[in-house]
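Undergrad: Listed here are the chains, written in short residue letters.
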Amino acid sequence: MTEKPLIRINKLNVEFPLGRTLFGKPPMLSAVNDVSLDIMPGQFYGLVGESGSGKTTLGKAILRAVHISSGEITFDDSDVNYDVGSLAKKELKNYRKLAQLIFQDPYAALSPRMTVRDIIAEPLEVMGLTKTREETDERVRDIAEKCRLNLEHLRRFPHAFSGGQRQRISIARTLVCNPKFVVADESVAALDVSIQADILNLLQSLQDQLGLTFLFISHDLSVVAHICDHVAVMYLGTLVESAPTRKLFDNPSHPYTKALLSAIPSLDPDDRGKSQKLEGEIPSPANPPPGCKFHTRCPLAEERCRTEVPQWRELSKDHYAACHLV
Amino acid sequence: MSLLKVENLNLQFRTDEGLITAVENVSFEINEGEVLGLVGESGSGKSVTAKSLMHLNPSNSVYSPESSIKLELESGGVDVLSLKNPRELVVVRGGAISMIFQEPMASFAPAITIGAQMVEQLMIHTSMTKKESAALSVEMLERVGISDAGMRFHQYAFELSGGMRQRAMIAMALSTKPKVLIADEPTTALDVTIQAQVLDLMKDLVKEFGMAILFITHDLGVIAQVADRVAVMYLGRIVESGPVREVLHSPSHPYTKGLLNALPKLDALDEPLTPIPGDIPSPLERPPGCVFHTRCPEILADRCDSSIPQRTNVGQDHSVSCFAVDSTGKTA
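These protein sequence lines are chains A and B, in that order.
For the first sequence, my numbering begins at 1 and goes up steadily by one.
For the second sequence, my numbering begins at 1 and goes up steadily by one.
Quick caveat, the hints were computed from the structure, so don't treat them as lab data.
Yeah, the Cβ is synthetic: ideal placement off N, Cα and C, and Gly gets one too.
Errors might be hidden in some of the hints.
Claimed, not checked - Listing some non-contacts, in silico: residues in chain B with all C-beta distances to chain A over 10 Å:
id, residue
1, V62
2, H154
3, S306
4, S319
Stated by the list, open to error - A few chain B residues that don't get close to chain A, going by computed Cβ distances all over 10 Å:
id, residue
5, A50
6, H55
7, V91
8, G94
9, S107
10, Q117
11, A149
12, G163
13, R245
14, G289
15, D302
To be verified - Lysine-lysine pairs mimicking BS3-like chemistry, simulated, CA-CA at most 30 Å apart:
id, chain 1, residue 1, chain 2, residue 2
16, A, K317, B, K265
17, A, K146, B, K265
18, A, K60, A, K247
19, B, K265, A, K247
20, B, K70, B, K51
21, A, K60, A, K11
22, A, K277, B, K130
23, A, K277, B, K84
24, A, K146, B, K51
25, A, K317, A, K60
26, B, K207, A, K277
27, A, K90, A, K131
28, A, K277, B, K203
29, B, K265, A, K258
30, B, K51, B, K207
31, A, K247, A, K180
32, B, K51, B, K5
33, B, K5, B, K70
34, A, K247, A, K11
35, B, K203, A, K258
36, B, K5, B, K257
37, B, K84, B, K5
Just chain A, with the same shape it has in the complex (with noise of 0.2 Å):
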């Protein structure tokens, strides 16, 4: 491919103090680990990983809600160009009508005092993207529609509505400013399966007709593998392998990603027993394993595995790894 990536991220580390000393600098928790990546533009990137492996953090990072310890991020549209880590304040608004997130809980995300209207209405108010309130207005059902809302319901209540429908509004709250790039964080993991179902149907809908940019976080292989064109493995804070989705679930090369396919609860009943199991559980990031952070679980580790920090390697086109063994 000889386009340019929308979002590249360069050696990205994001570290949180660990409580506060009086004197000298508080111990560090590395939350992110020098994450390179690069996400192209109209793409649809998956980053999987169990609780606690900074994927959240990362995604975060992007969207500059927080601090980014070193390393960069740019942003590159076609038209703009913004260096995300040393955004000015003004440029930060600026940079936030592009770049948008969904969130998890769609009970918890939606105010219970505002209309739907008013609800998908707010960025539009906050960002100042409108001048008149019939603009607001038709900016709104334009969004409502494509998200396939009842325009009738733009007059009620959060509370009226089920997950699915909570979903829907939250999805065009996101959207009614026109942003380029979006981060979903887990965004169906609170719905029932006929449910999430559809708000995935209706994302990838709503990325062939806006032309969107998706970062979508989830800890469920089976929803990533649907539904993105390529999907990051996280560990602890660092990215073990990177592929094409295809690629990635035809030929797994990390022992974690292996582990993770093979945890992942077949539907059918004959395949009892055959998942190859992953010992223990993931370490406390506060005080994460030298070398290797996987080769406490780690079904293959060897004696260089436990000082060496693995490299992160293209093992065949756009195919990454970081482990010593393969």
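Please arrange chain B on chain A, whose structure you already have, making use of the hints.
TA: Frame of chain A, contents of chain B only:
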């Protein structure tokens, strides 16, 4: 031998808006050493059904006169719904029936050590001394795969990781040697790798203790991996039940089929996901006739929206409640 028999369970809640039906005509049995999976979307009544087994529903609940829940123990039968005072209820609340919940952090008291909580319930349910209870508790913690059980015994819930907390919860539920274990979404809050470990553990324990498990989940993949039989619930009714292999390989009810089609499958990445049309109706606007007819793709005119389909057998122990399904399990 059937250990627990639920027949014609009807449960309504008295609210300001009138009586709301939560469970309607639910019947099922669980045998010794068997895992029965109960699946359904949120609002289908699966948790309420499970709570009735322990008589845990709030005071505004109304059971119909024909509802019956019978527990067969060596010491004789117990009619669960007729139990009234707390002393009688001990047998179904932690004695012969134990329950593990979805969120282990919310189920442990935060300011009492894990060990003290385990000892307390053993003191209530058994005639063991404090010392014996403590010894058994540590042994149970070891059995469920918690390392350093002696140290964990003295720790608080917040000091344990999510997976370990769920293991401790299982150890606690099993230490009184219950006959029936109710597991309400026990792995939903866990990561897949930890989920796989906990499911394995539960399968081992069923064999070892010879108990029965009622496993409630919305995840059909989890059901496929642990259950022997499965019952699918929708809006308070069981619409299909049978051996897990039959139900998942050849589902008969349109709702069961819909659930399976809505699931993303790893071996068919290019197939589009088909959602079940519409949303689950509010319990206040319960549809007449078959409860699923408002979303059903195979609806029959003049029938589904007026009369309630009866349970029909479509195979060995496999039954479906649907007008569109004939006795071979095929839709007409």
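Undergrad: Hint by hint, say whether it matches the structure.
TA: Verification of the supplied hints:
1. V62: holds, 26 Å
2. H154: Per Cβ check, B:H154 is outside 10 Å of chain A; nearest 20 Å; holds.
3. S306: holds, 25 Å
4. S319: Holds: least Cβ distance 18 Å, greater than 10 Å.
5. A50: For B:A50, whose nearest Cβ neighbour in chain A is about 18 Å away, the distance exceeds 10 Å, so it holds.
6. H55: Its Cβ never comes within 10 Å of chain A, the nearest being 28 Å, so this holds.
7. V91: holds, 33 Å
8. G94: Label holds. Min Cβ-Cβ 28 Å, cutoff 10 Å.
9. S107: Non-interface label stands for B:S107: nearest chain A Cβ at 19 Å, farther than 10 Å.
10. Q117: B:Q117 is indeed farther than 10 Å from all Cβ atoms of chain A, at 22 Å.
11. A149: holds, 16 Å
12. G163: violated, 5 Å
13. R245: violated, 5 Å
14. G289: holds, 20 Å
15. D302: Correct as stated: the minimum Cβ-Cβ distance to chain A is 26 Å, above 10 Å.
16. A:K317 to B:K265: The hint holds at about 26 Å.
17. A:K146 to B:K265: Holds, at roughly 27 Å.
18. A:K60 to A:K247: holds, 27 Å
19. B:K265 to A:K247: holds, 16 Å
20. B:K70 to B:K51: holds, 14 Å
21. A:K60 to A:K11: Distance ~16 Å between A:K60 and A:K11 Cα, so the pair holds.
22. A:K277 to B:K130: violated, 37 Å
23. A:K277 to B:K84: violated, 45 Å
24. A:K146 to B:K51: violated, 42 Å
25. A:K317 to A:K60: With a Cα-Cα distance of about 28 Å, the restraint between A:K317 and A:K60 holds, given a limit of 30 Å.
26. B:K207 to A:K277: holds, 20 Å
27. A:K90 to A:K131: holds, 19 Å
28. A:K277 to B:K203: holds, 14 Å
29. B:K265 to A:K258: holds, 17 Å
30. B:K51 to B:K207: Given that 30 Å is the threshold and the Cα spacing comes to 24 Å, the pair holds.
31. A:K247 to A:K180: holds, 27 Å
32. B:K51 to B:K5: holds, 15 Å
33. B:K5 to B:K70: holds, 5 Å
34. A:K247 to A:K11: Distance ~24 Å between A:K247 and A:K11 Cα, so the pair holds.
35. B:K203 to A:K258: holds, 23 Å
36. B:K5 to B:K257: Holds, because 27 Å separates the two Cα atoms, which is no more than 30 Å.
37. B:K84 to B:K5: Measuring from Cα to Cα gives roughly 19 Å; hence the hint holds.
Going through the hint list in order, the structure does not satisfy hints 12, 13, 22, 23 and 24.
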